[in-house]
Amino acid sequence: MRIVSSSVLLSLLLPSLALANSWRDASGELFSAPTPKPTRIVALAPSLAEIAGGFVDRRVIAVADQSDYPAWLKGLPTVGPFHRVNVEKVVSLQPDLILATTDGNSPGQVSALRKNGLKVLVVRSSTVEEWLESMTWVARALGEDAKGAELVQRMRDEFTKLAVSGPKKNVLLVLDTQPWITIGPKTLLFDALTRIGLNPLIPGVPLSATYPKISLETIWAAPLDAVLVPGRSPESTIAERERSHFSKKGVRMLQVPSDELLRPTPRLIEGLKKTREAVLGQSRQ
Amino acid sequence: MVNLGNRAWFFNVALLCALGVAILLGLSFGATDGLDREMILTLRMPRVLLAIVVGAGLSLAGVALQALFANPLCEPYTFGVSSGAALGSAIGAALGWGALSVAGVALPSFLGALSFTALLLIWAARIRASGYQLLMAGVLLSFLGSSGVAVWMALSDPSGIQGALFWLLGDLSRAEMGSVILAGTGVLTVAGILYGRHRKLDALLLGEERARALGVSVASERRLLLSWVSVLIGFCVSVSGMIGFIGLAVPHAVRLMRGSLHREVIPGSMLLGAVVLVISDLLARVAARPIELPVGVVTALWGAPVLLWILSKRGGGLR
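As given, the protein sequences belong to chains D and H, one line each in that order.
The working numbering puts the first residue of the first sequence at 1, with every later residue one more than the last.
The working numbering puts the first residue of the second sequence at 286, with every later residue one more than the last.
Just chain H, same shape as in the assembly:
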C-alpha cells in the first residue's frame, strides 16, 4: 500500500531540490559573464529571492481564487486587484508620487490594489452578491482599471510610458532586500491563514451548494479569504508589476500531479511557482542580453503552451 503522506513529502522535497537548483542557476548566470561577488550579493540575490516570494505568492493567490469561486479560469488578475494596482501606479506617476515606496513596495500600486478590493467587497456586501456576480464585478473592475491606465498612457509623455509598459509586463529588476522582506512576510502570513483553512477551501472547490451542505458559511468565508488574497496580490504586484500565467498555470499543474486537496496543493503550488518564476526571470535576463526582457512576457511564452497541454490532459475541471 502506498503511503499518501510519504508521496506528498517526496513531491515537496523534489520541488525544494528544484528550487535549490533554480536559485543556484539564478545566482550564477545573468546579463554578464563572470561571478562578481558584489554583483551576486547586491543585484542577483535580492532578485532571486523576490522571484521566489512573488512566484509563491501569485501561485497561492491562484489556488485560493480558483477554489473560492470553483472556477478554473480564476487567477490573480481576474478580480481587478492587479488593474487597481496598475491604476494606482498610474495615478501615482501622474501626481508625481511614483517613487513613493516603503522598503521597495510601491505605495500607490499597493493602495490601488486595496482600494479596488474594498470597492468590490463593499458592493458585494450591499447586494449580497453571489459568487458569479462577484466574479463578473471583478472582471468589470479589471476593465475599468485597464481603461484608466490606457487613458493615462494616452495622455502621458512617451518617455514615461516606457517605464510603465515595462512594469505592466512584469519587472523584477527593481528588487531590493526591503521589498523581499516585506512582501515575503505578507506572503507567508497569508499562506499560513489559507493553509489553516485548507478544509474549507476543499469544500468551496466543490461549489457553493455542497460547501454550504458541508457547513461552510460561503459568503463570509469568501469575503474574508478574498480580502487576504487581495493583500497578497497587492504585495506581489506592487513589487514586481504584473506577471501573468503563474497564478493560472501553476495551481493547475500541481492539481494534475497531486490532486485537489489544498493541504497538498498550497505548499506544492507555492514551491512550483517559486521555481518557475526564478527560472523565467533567469531566461528574461540572459535570453537577449544585454537587453532585458520583461519577465511577464517569458512566463506568458511558456505558460500558454503548458496550460494548453494541461487542458488537453485533464479538460477544464478542477477536481
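For reference, chain D alone in the conformation it holds in the complex:
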C-alpha cells in the first residue's frame, strides 16, 4: 500500500517538477529549459548575444550581424541581420538553444525554426520589468539561474539609485531625422528614461506608439529641454535649420551613448547614467 501511494505521489510530483523550469515565453509558447545545459547557443539579436555572452563563456556558437560586445563575439559566425536571419544557416548549425526577441526578429522565422525541431526562447523587452524578466529567462534557459538572479537584483538596485524625483526634463530622443523618428511609450527606453527624471513624450504621440515618425512641425512646437542624439554628434545628424531653431529656443542638443542606451542589455544602466548626467548634470544625481 505504501509503495502504491508513493508511486502515485511521485507520478503527481514529477510533471510539476519538470514544469518548474518551464514557462510561457514572449511568443506565448511553453518553453522548457534544456537539460543538460545548452552548449550550442545561437543568438538572433546583438542584445541577446551580449546577455548570453555575459552569462556563459564560449557556449555561444553563432550570432546576428553587429553582435560586437563582449569583443569575443566578433569572431563568431554570423547568421545575418537580426530582422532577417538566414534560417537555413541557423538550422545547419544544429543549435541546442536559440535566443530570439519580439523586438526585431521575424515571428515567421522563429516559427520556421521551431518547425525544424529547434528549441527557441523568445523574449520581449518593451518595459523595464520585461527587460529584467528577459535576462532572468535567458539565464534560466542557459542553466545559469543563480547568475541571472544576481544580475537582475543588481540591475534593480542600480535603477533605484538612478531614480530622480521632482519635475522631469522634456527630451526628444532622435533615432532618425529623415523622417524624424523617436521612441514611443511602448518601448523599454521610454520607460527607463521616465524613471530617471526625463520625459520623452512628445505631445500628441499616441500612447500605443513604439517608434513614431513625427512631423517636423510637431517637433518645433514641442516644449523641449534637450534633444538627444545617440551615437552621433548633433551637428552631423540634425539639419542646420533645425539646429538654429533649437538654439533660438534654448533647447540643448546632446550626444548620448548609442549601443549602451539602445540595446536592452545590462549596459543600459551605464547608458542611462551617462544620459542623465548629460541632461541633468551632476547636481540632481
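Accuracy of the hints is not assured; some may be wrong.
[Unchecked claim] Chain H stretches covered by chain D per the calculated footprint, using a threshold of three residues with CB under 8 Å from any CB of chain D:
id, stretch
1, 307-320
2, 324-330
3, 455-463
4, 575-583
[What the hints assert, rightly or not] Under the rule of at most 25 Å between Cα atoms (straight-line distance), these lysine to any residue pairs were calculated in the SDA-like manner:
id, chain 1, residue 1, chain 2, residue 2
5, D, 248, H, 321
6, D, 248, D, 235
7, D, 248, H, 461
8, D, 248, H, 462
9, D, 186, H, 576
10, D, 248, H, 319
11, D, 249, D, 176
12, D, 74, H, 439
13, D, 273, D, 129
14, D, 168, D, 186
15, D, 168, D, 130
16, D, 249, H, 326
17, D, 74, H, 379
18, D, 249, H, 318
19, D, 74, H, 437
20, D, 273, D, 68
21, D, 169, D, 207
22, D, 249, H, 314
23, D, 248, H, 324
24, D, 248, H, 322
25, D, 248, H, 330
26, D, 249, H, 576
27, D, 74, H, 380
28, D, 249, H, 321
29, D, 248, H, 314
30, D, 169, H, 321
31, D, 74, D, 93
32, D, 249, H, 323
33, D, 248, H, 327
34, D, 248, H, 318
35, D, 249, H, 313
36, D, 115, D, 92
37, D, 186, D, 164
38, D, 249, H, 312
39, D, 186, H, 450
Calculated directly from the structure, the hints in this document are not laboratory data.
C-beta: ideal position from N, C-alpha, C; glycine also.
Following the hints, complete the assembly by docking chain H onto the known chain D.
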C-alpha cells in the same frame, strides 16, 4: 457663339483661384494648431511652394509623355527615370553620399535619373527604336532600377530603410527655399520649351504615322523632348521622392475638361497638378497628426478612384 479663348482664360483663372485657396489652407493648417509666424515662414512656406513646383512638374511630365508616345498609360514613372533616381539615391546612401545636395536637390538621385535617361536614349539611337520599343525599354529599366533598390534594402541596416521607404513613397518635409528655386527654375524652363512645341505635341498625340504626315520628325522630336522631360522628372524626384498618380491622373482630368490641345492642356495640367499636390500634402500633414503620412500614399488614395471615374466617363483614349 462661345469664344474658346475666353473659356480657356476662365478655366485657368478658376484654377489660379483654387491654387490661391490651396496655398492659404496649406499655410494655415499643419501638424500643430495656432499660427506661429516662424513656423509658417520656415516650414510651411517652402513646403507649399515645393508642392506647387513638383505638382506642376509631374503633371507637365505626364502631359508630355502621354503625347510623345500617344499612350494614355504613360506617366513620369513609366520610363524608369524615377527608378533611376531611386537607384541613384540608394547607391548614394550605400556609398555614404546620401546627404550630398545642391540647394536641397539630392545629387545622387538626380544623377541616377539622368543616367537612366542617357542609357535609354543611347540604346534607342543605336537600334533606331520605335516608340513601342522605347516604351518597353523604359518599363524594363524601371524594373531594373526597382530591383536594384530592393537589393539595397535587403542588404541595408533596417534603420536606414525607414528613411528610404518614406522617400520612395513621396516626402515634401525636406523642402527648403533652395530646392524650390532650383526645381522651380527647371520646371519653368521645361514648361517653356514644351509650350513652344505644343503644336508638335498635338501632332504626336495623333500617332507616329499621322505626326510624320504632318511634317513632324518623330524620332528626333521624341529624343529631344524625352531628354527635357527626364531632366524635369529628375528635378521633381530628387526633391520630393516618388509621388505617384499626379502625372497620370491630372493630364487625363484636364483633357476631359478642356480637350486635347496642348496650348490649353499644358498650363491647365500644371495649375491643377499644383492644386492637387498642395491639398494632398496638407492632408498628409493633418490626417494622422502628429504623425505624417507619405504624400505619395495620399495622392494614390484619391488618384486611383478619380482615374477610375475618368476611365468610366471617357474610356481609355487621349483624343
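Structure-based check of each hint:
Under the rule that three or more residues need a Cβ within less than 8 Å of chain D, the assignment of the stretch 307-320 of chain H holds, with 4 such residues. Figure legend: the stretch 324-330 of chain H, annotated as covered by chain D; annotation consistent (4 residues with Cβ-Cβ distances under 8 Å, at least 3 required). Only residues whose C-beta sits within less than 8 Å of a C-beta in chain D count toward coverage, and the stretch 455-463 of chain H has 4 of them, enough to reach three; the restraint holds. Taking a C-beta to C-beta cut-off of 8 Å, the stretch 575-583 of chain H contributes 3 residues in contact with chain D, enough for the three needed, and the coverage statement holds.
Distance restraint check for residue 248(D) and residue 321(H): the Cα-Cα separation of roughly 14 Å lies within the 25 Å cut-off, and the hinted pair is therefore satisfied. With a CA separation close to 15 Å, the supplied pair residue 248(D) and residue 235(D) stays within the 25 Å bound. For the suggested pair residue 248(D) and residue 461(H), the alpha carbons sit about 19 Å apart, so the restraint of at most 25 Å is met. As the CA atoms of residue 248(D) and residue 462(H) are separated by approximately 20 Å, the hinted pair is consistent with the 25 Å bound.
The straight-line distance between the Cα atoms of residue 186(D) and residue 576(H) is roughly 16 Å, inside the 25 Å bound, and the hint therefore holds. Only pairs whose Cα atoms come within 25 Å are accepted, and residue 248(D) paired with residue 319(H) is accepted, the gap being roughly 19 Å. Note on residue 249(D) and residue 176(D): the hinted pairing holds, with a Cα-Cα distance of about 21 Å set against a maximum of 25 Å. Straight-line distance between C-alpha atoms of residue 74(D) and residue 439(H) comes to about 22 Å, which keeps the hinted pair within the 25 Å bound.
Taking the CA atoms of residue 273(D) and residue 129(D), the gap is about 18 Å. The hint holds against a cut of 25 Å. Of the supplied pair hints, the one linking residue 168(D) and residue 186(D) holds, its CA atoms being roughly 19 Å apart against a limit of 25 Å. Our distance criterion of 25 Å between C-alpha atoms is met by residue 168(D) and residue 130(D), whose separation comes to about 23 Å. With a C-alpha separation of about 17 Å, the suggested pairing of residue 249(D) with residue 326(H) holds against the 25 Å cut-off.
Of the pairs offered as hints, the one joining residue 74(D) and residue 379(H) holds, with about 23 Å between alpha carbons and a cut-off of 25 Å not exceeded. Among the hinted pairs, residue 249(D) with residue 318(H) is consistent with the structure: their alpha-carbon atoms are about 19 Å apart, no more than 25 Å. With a CA separation close to 24 Å, the supplied pair residue 74(D) and residue 437(H) stays within the 25 Å bound. The hinted pair formed by residue 273(D) and residue 68(D) meets the criterion: a straight-line CA distance of about 21 Å does not exceed 25 Å.
With a C-alpha separation of about 19 Å, the suggested pair residue 169(D) and residue 207(D) falls inside the 25 Å cut-off, and the hint holds. Between residue 249(D) and residue 314(H), the direct Cα distance comes to roughly 22 Å. Compliance with the 25 Å bound is thereby established for this hinted pair. For the given pair, residue 248(D) sits about 13 Å from residue 324(H) by alpha-carbon distance, which is consistent with the 25 Å threshold. Between the alpha carbons of residue 248(D) and residue 322(H) the distance comes to roughly 14 Å, so the proposed pair stays at or under 25 Å and holds.
A C-alpha spacing of about 20 Å is found between residue 248(D) and residue 330(H), which places the hinted pair at or below 25 Å, so the restraint holds. Taking the CA atoms of residue 249(D) and residue 576(H), the gap is about 23 Å. The hint holds against a cut of 25 Å. Between the alpha carbons of residue 74(D) and residue 380(H) the distance comes to roughly 24 Å, so the proposed pair stays at or under 25 Å and holds. At roughly 14 Å between alpha-carbon atoms, residue 249(D) and residue 321(H) fall within 25 Å of each other, so this suggested pair holds.
A threshold of 25 Å between alpha carbons decides the hint, and for residue 248(D) with residue 314(H) the separation of about 23 Å falls inside it, so the pair holds. Taken as a hint, the residue 169(D) and residue 321(H) pair is honoured in the structure, with Cα atoms around 24 Å apart against an allowance of 25 Å. With a CA separation close to 17 Å, the supplied pair residue 74(D) and residue 93(D) stays within the 25 Å bound. Distance check on the hinted pair: residue 249(D) and residue 323(H) sit about 12 Å apart at the alpha-carbon level, within 25 Å; holds.
Between residue 248(D) and residue 327(H), the direct Cα distance comes to roughly 14 Å. Compliance with the 25 Å bound is thereby established for this hinted pair. Straight-line distance between C-alpha atoms of residue 248(D) and residue 318(H) comes to about 21 Å, which keeps the hinted pair within the 25 Å bound. A hinted pair counts as satisfied when its Cα atoms are at most 25 Å apart, and residue 249(D) with residue 313(H) qualifies at roughly 22 Å. The hinted pair formed by residue 115(D) and residue 92(D) meets the criterion: a straight-line CA distance of about 14 Å does not exceed 25 Å.
The hinted pair formed by residue 186(D) and residue 164(D) meets the criterion: a straight-line CA distance of about 21 Å does not exceed 25 Å. For the suggested pair residue 249(D) and residue 312(H), the alpha carbons sit about 22 Å apart, so the restraint of at most 25 Å is met. For the proposed pair residue 186(D) and residue 450(H), the alpha carbon gap of about 23 Å is at most 25 Å, so the pair holds.
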